[in-house]
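Visitor: Going by the numbering used here, the first residue of the sequence shown is number 1, and it counts up by one from there.
Bear in mind the hints are in silico, worked out from the structure with no lab data behind them.
The reader is advised that the hints may include incorrect statements.
Straight-line C-alpha distance at most 27 angstroms; calculated BS3-like pairs for lysine-lysine [claimed, not checked]: (1) K116 - K151; (2) K151 - K55; (3) K26 - K116.
So the derived label-pair ranges between C-beta atoms look like this [unchecked claim]: (4) N107 - T130: 26 to 34 angstroms; (5) T170 - R15: 18 to 26 angstroms; (6) R86 - T43: 41 to 49 angstroms; (7) Q51 - K29: 41 to 49 angstroms; (8) R138 - G48: 28 to 36 angstroms; (9) P156 - T130: 14 to 22 angstroms.
The model shown is predicted, which means the values in this text are computed figures rather than measured ones.
Here a beta-carbon is modelled for each residue, glycine too, at the ideal position from N, C-alpha and C.
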Amino acid sequence: MVRTFLAIDLPGTQRKILEEHQGRWKSVKADVRWIYPSNMHLTLKFLGEIQESSKESVTTVCKEVCCLHRGFSLFLNGTGIFPNLRRPRILWIGIRGETDLLCKLQNSIETALEEKGFPREDRVFTPHLTVGRVRSPRRLSRLLEVFLKHKIVIEPFTVEEVIVYKSRLTPRGPLYSPLARCPLM
């Protein structure tokens, strides 16, 4: 079995800026498991544990879909939480720009994989970048005050490919390895 997902990577410049912002949020010392900037990505489809033999099918589907979509521009903008202020679990950065093209790409991938027998996601796709996961309420109200007021606008970047990733869970956090790169047209 291989833990697999499809994602868009961030350029190094965006990761560096996010790391700086994260440093400010970490200084509050809330009980949050912060995502390493090197692991930050925009997930399009999480497949979970799939058969080793299914990797090739997933890659083929992703490449076929991606070659039908052109590249597009996105930028990181704003902060938010899931599911809500009463039960904050996920801290995220918003995705803006040509999100209509992003959503069309994600839906095409979702539909093509569903046709191959992979289950469709129940939730509506909401473009975001997870930056932290809340573990407990310790100093959380102070963090949310700082985090939600933080004005983030990071320069646009061009999306040129989708990456099929393998994820291995370790005690120190997940390790991601690209299985395939699927260029957009």
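Visitor: CB of T170 to CB of R15, is that within 18 to 26 angstroms?
Guide: holds, 20 angstroms
Visitor: Given the range 26 to 34 angstroms, decide if the beta-carbon distance of N107 to T130 lies inside it.
Guide: At roughly 20 angstroms between Cβ atoms, T130 and N107 fall outside 26 to 34 angstroms, so the hint is violated.
Visitor: Does the Cβ-Cβ separation between R86 and T43 fall within 41 to 49 angstroms?
Guide: At roughly 25 angstroms between Cβ atoms, T43 and R86 fall outside 41 to 49 angstroms, so the hint is violated.
Visitor: Just to be sure I understand the hint, the distance between the Cβ atoms of P156 and T130 should be within 14 to 22 angstroms; is that true here?
Guide: holds, 20 angstroms
Visitor: Is the straight-line distance between the alpha-carbon of K151 and that of K55 27 angstroms or less?
Guide: Not OK: K151 and K55 at ~39 angstroms, beyond 27 angstroms, violated.
Visitor: Can the suggested window of 41 to 49 angstroms be confirmed for the beta-carbon pair Q51 and K29?
Guide: holds, 43 angstroms
Visitor: Does the beta carbon distance between R138 and G48 stay inside 28 to 36 angstroms, or does it fall outside?
Guide: holds, 30 angstroms
Visitor: Quickly compare the C-alpha distance for K26 and K116 to 27 angstroms and report which way the hint goes.
Guide: violated, 42 angstroms
Visitor: Quickly compare the C-alpha distance for K116 and K151 to 27 angstroms and report which way the hint goes.
Guide: Between K116 and K151 the Cα gap is close to 41 angstroms, so the pair fails against 27 angstroms, i.e. violated.
This entry does not satisfy hints 1, 2, 3, 4, 6, going by the numbered hints stated previously.
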